[in-house]
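Since the structure of chain A is provided, determine the placement of chain B on it from the hints.
The listed protein sequences correspond, in order, to chains A and B.
In case it helps, numbering that gives the first Met the number 0 puts the first sequence at residues 0 to 422.
In case it helps, numbering that gives the first Met the number 0 puts the second sequence at residues 0 to 422.
The set of hints was computed from the structure by calculation and includes no laboratory data.
Backbone N, C-alpha and C fix where the C-beta goes; we use that ideal spot for every residue, glycine too.
Treat the hints with caution; some may be incorrect.
Claimed, not checked - Residues on chain B that point at chain A, a partial pick, calculated with CB under 7 Å: (1) Val141; (2) Gly204; (3) Ala210; (4) His244; (5) Ile256; (6) Arg260; (7) Pro282; (8) Val287.
There are 2 protein chains.
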Amino acid sequence: MTEAPSASQVRVNRDRLWRTLMELKEIGGYADEATGLRGVRRLSLTDEDAQARRRVVAWMEEAGLQVRVDRIGNVYGSRAGSDPSLPCVLMGSHIDTVATGGAFDGTLGVLGGIEVIRTLNEHNVATRRTIEVGFFTEEEGVRFGTDMLGSAVTSGRLTLGYAFALADDHGATVAEELVRIGFDGDAHERRPVPYAYIECHIEQGPILAAAGVDIGIVTGVQSISWQRLDLRGEAAHAGTTPIEHRADAGLAAAIVIVEVRRMCDSGDFGRLRGTIGKFALQPSQTNVIPASASLTIDLRNPDDDAMTAAEAHLQAFIDTLPDRCGVTGTLHRMAKTAVVPFDVDVQKLLGDTADDLGLGYVATMSGAGHDAQEIAAICPTAMVFVAGEHGGISHTPREYSTPTACGNGIDVLANAIIRLANQ
Amino acid sequence: MTEAPSASQVRVNRDRLWRTLMELKEIGGYADEATGLRGVRRLSLTDEDAQARRRVVAWMEEAGLQVRVDRIGNVYGSRAGSDPSLPCVLMGSHIDTVATGGAFDGTLGVLGGIEVIRTLNEHNVATRRTIEVGFFTEEEGVRFGTDMLGSAVTSGRLTLGYAFALADDHGATVAEELVRIGFDGDAHERRPVPYAYIECHIEQGPILAAAGVDIGIVTGVQSISWQRLDLRGEAAHAGTTPIEHRADAGLAAAIVIVEVRRMCDSGDFGRLRGTIGKFALQPSQTNVIPASASLTIDLRNPDDDAMTAAEAHLQAFIDTLPDRCGVTGTLHRMAKTAVVPFDVDVQKLLGDTADDLGLGYVATMSGAGHDAQEIAAICPTAMVFVAGEHGGISHTPREYSTPTACGNGIDVLANAIIRLANQ
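One chain only, chain A, in its complex shape (with noise of 0.2 Å):
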């Protein structure tokens, strides 16, 4: 990849871009009690994720592009190039949320893309590559327990058959919920390979805005690792077995989730996270012993041999349980990513527009999973992170970037996205 020539840096539409920001927004609104805020709860290929889809789609459509569904609902917008025989070059990101989101992680990319095409239009900016814009079903992984899943499936890590099989608590289907809200496409799920790829993100963590910066260039994802721990004790009357009989399934979950809090405080394995997010007990009573317990384990390392040791501590850990209060405990792979390391071009064409732009930026590891790491295996690939407020929290109604923020990110994007589209 060579530096293409020059071109004069474009601004994208910062208040257009911020009034789609705040409209989709109030596609899965919500109080949130435990904030006092507006929230964001659009979970894959639920109704209100289709009436995102559905003002998106039509975005896409206004802006010119021609629109294309593919059989995992992945969705691509394209703006064609002078020499349509290229490689396109890709932008995007997810539009899902977790349960109790915000408006910017994820659809900031989705939408900062679309605002990139009007702007190519509106200057009449014409490229050699063809640019698309495309967002990918279930990025969150919040219903269906499998994170990354349309890009994942796209860039063939995962089969079309293993996702579709993937059931929500409710037993509904991948597949059954993409014909449900009518986004069962037809183009193929292995999408055409890309020149490049660049993915526009909250950065969801705090050393931008420590940095005093708005932008970061992404040198790649951390080690991502979900696991299911199943614990099993036995019930028994809480008021008449003595402590020294029992088999308590919850004790077990709780001395796990402290263990695992110590494991990051105690700097044995790197930079570990370590995150409890579900815990679930039966028989669920007041007064009864629980006979089980069933958590989920996410821990997240930038290094991969630090990652190893935490999670066969872990185990070890593990298999003192019933030493420790006579549970034993099961744990069940539910995901796990390696450290995906970014493309060092992309990231230096990503560096030299911001400073083109006169943006100050630092270079940080992505603490979160995104569909980059898994279009990285396809394509050349990098991220432009924006910074947020409070911390840069995400997951909560209180994720917030600002407008000048997000502006400057996607005007990274543009101009690398241009630079990428002339080579």
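Same frame as chain A, now just chain B:
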């Protein structure tokens, strides 16, 4: 209360008692996955409870009892004495179960009471006082959150209005459910004060078996404290939020669970038993740090002062959570009962009766709550415990007492009731 002239000892029909226990167990019967056994799930005022109520009422009527239902759904069957002006002697318990229950908890005292009546009928035993057998609504507290509900209303500790307004997890109230299942009786909920009350119940603990006896004479019920702990942290992204920035409500819950166990193990609070039976996280997603957690804390103590100290320590510990992990906690009182000592004269009469039957027994305090602790507020009360197998485990399908142990317990009940009914 003075000793009645000694009557010759009667013996109940053990086979008939056992058949009714096994028959009632099928109402609400289910295949328990954790144990591979058949369990009983008969939560109060459900369809299963209604079916069991109708079955027990039919048995009462077949035994010649005059049946009445009161406004909180307590059911009494009455066998007239020769002097109807005297207060009756009452026996009974409950027939509702926990979600993973067995065949004996509560039902032994009710079906045993009916077997006592059948035995009196067969032996043409007339008594001076009327004898009644009763069962009380929602003893377990599993469905509507307040245990001993029917007996607490009849003894006046709780009002009918309070009880009527309690709702289950789906919003169905006690008042609605009583009407729905047809057990909204018209007898006054504050029943006529009995001369004495005896409840026969499985021990639900290992003490009788360890002493090599089938029978326990219960000296009282330990103090019981039920509290709900609500924890408030902040939702945030599992991958991007640095450990030191987190306010993880699930971690706070785990720290509390571990501390409750440490309190029990320490001996600092006497023979404290603590159980966390219910535990829910929000928003309950694999990759979101929990914003809030809610759990129940069930504490038991045979000493009121030690219970007070345990509750004070727990509150103080919860007050340290903001410093420990940035999470605030609030305790909400669900229920609290002080130690209830049983009537020494009724205990002595039970012991004498066991002696006359040639049955060994030990005096013991109850670890579980029972309707008897409520009825003790209005009349002289005591309990007969029957030993259980497997360390007396209960609130699980493994709960089991042998036909011999059950028969011995109900023999003690029968002869003690005859003596009281002739005083």
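Now the hints, each set against the structure:
1. Evaluation of the Val141/B hint against chain A yields a held restraint, the C-beta minimum of about 5 Å falling below 7 Å.
2. Proximity of Gly204/B to chain A holds as hinted, the smallest CB-CB distance being about 4 Å (cut-off 7 Å).
3. For Ala210/B, the shortest C-beta to C-beta distance to chain A is roughly 15 Å, which exceeds 7 Å, and the interface hint is violated.
4. Nearest Cβ of chain A to the Cβ of His244/B: about 6 Å, under the 7 Å cut. The hint holds.
5. Look at Ile256/B: its Cβ gets to within about 4 Å of chain A, closer than 7 Å, so that hint holds up.
6. This hint holds: Arg260/B has a C-beta 6 Å from the nearest C-beta of chain A, less than the 7 Å allowed.
7. The closest approach between the C-beta of Pro282/B and any C-beta of chain A is roughly 5 Å, which is under the 7 Å cut-off, so the hint is satisfied.
8. Because the smallest distance between the Cβ of Val287/B and any Cβ of chain A comes to about 5 Å, under 7 Å, the interface hint for this residue holds.
Checked against the numbered hints given earlier, the structure breaks only hint 3 and satisfies all the rest.
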